[in-house]
Amino acid sequence: KAGVTQTPRYLIKTRGQQVTLSCSPISGHRSVSWYQQTPGQGLQFLFEYFSETQRNKGNFPGRFSGRQFSNSRSEMNVSTLELGDSALYLCASTLGTGGLGYTFGSGTRLTVV
Amino acid sequence: DQQVKQNSPSLSVQEGRISILNCDYTNSMFDYFLWYKKYPAEGPTFLISISSIKDKNEDGRFTVFLNKSAKHLSLHIVPSQPGDSAVYFCAASQGNYGQNFVFGPGTRLSVLP
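Protein sequences appear in the order of chains X and C. Mapping of the first sequence onto the working numbering: residues 11 to 123, in sequence order. Mapping of the second sequence onto the working numbering: residues 9 to 121, in sequence order.
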């Protein structure tokens with residue numbers, strides 16, 4: 011079965027712009043979580059969506075937002091980009107009802123210049 | 009304040025020997041722990057997990073040990089193989105619903121032939 015698909019793979023934006031990243035979960039998975047990975051910080055949890063509702067949220071500023079559609083696909087938006095937003099953004103999907111099955115996509119590498 | 013710590017940013021081991029990766033956590037409410045492996049340009053992949061009701065879980069060459077009193081877990085890889093060279097992330101959560109895991113910063117393992 012197809013894995014978690016993230017698009018685009020690479021993105022270069024300038025400060026002040028906004029960006030939208032997309033994630034298509036594994037078929038049947040209803041939970042989508044987003045993580046930011048930066049060197050030395052590991053994976054920082056952004057938020058999790060389940061059945062189109064934000065169920066959990068990490069400690070990121072309001073410039074970071076997301077949504078989930080009825081087909082479980084999710085988008086993440088970052089407005090007013092800052093240089094420090096340069097990172098690998100990873101999406102992970104699960105069934106969302108317990109147990110393992112936390113599968114990551116390959117990520118979107120965002121560079122802010 | 010990092011709730012999950014991996015104090016060794018890198019580790020080098022000879023092929024065939026044992027690799028021991030360590031992880032410490034501060035939140036006593038964590039009761040479910042996972043290890044993920046990440047190759048460059050790929051998303052993290054699930055390796056092994058352990059719940060707080062156990063102190064050891066084994067899967068082939070991989071064994072995870074949990075010391076709840078010390079809030080410490082370790083991943084043992086025996087024997088180490090060059091293909092094990094990757095970044096290893098420790099993650100913890102309350103419950104195993106698969107969302108809102110807290111990840112450590114990762115340890116880069118290099119297995120030398």
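Hint data in this document are derived by calculation from the structure and do not stem from the laboratory. Check before you lean on any hint, since a few could be wrong.
As the list claims (entries may be wrong) - Covered stretches of chain X, going by a simulated chain C footprint (3 or more residues, C-beta under 8 Å):
no.	region
1	23-34
2	45-51
What the hints assert, rightly or not - Short, incomplete list of chain C residues facing chain X, as computed with Cβ under 8 Å:
no.	residue
3	P52
4	F54
5	F97
Backbone N, C-alpha and C define an ideal beta-carbon position, used for all residues, glycine too.
Comparing the hints with the structure gives:
no., hint, verdict
1, 23-34, "violated (count 0)"
2, 45-51, "holds (count 3)"
3, P52, "5 Å, holds"
4, F54, "6 Å, holds"
5, F97, "6 Å, holds"
Hint compliance for this structure: hint 1 alone is broken.
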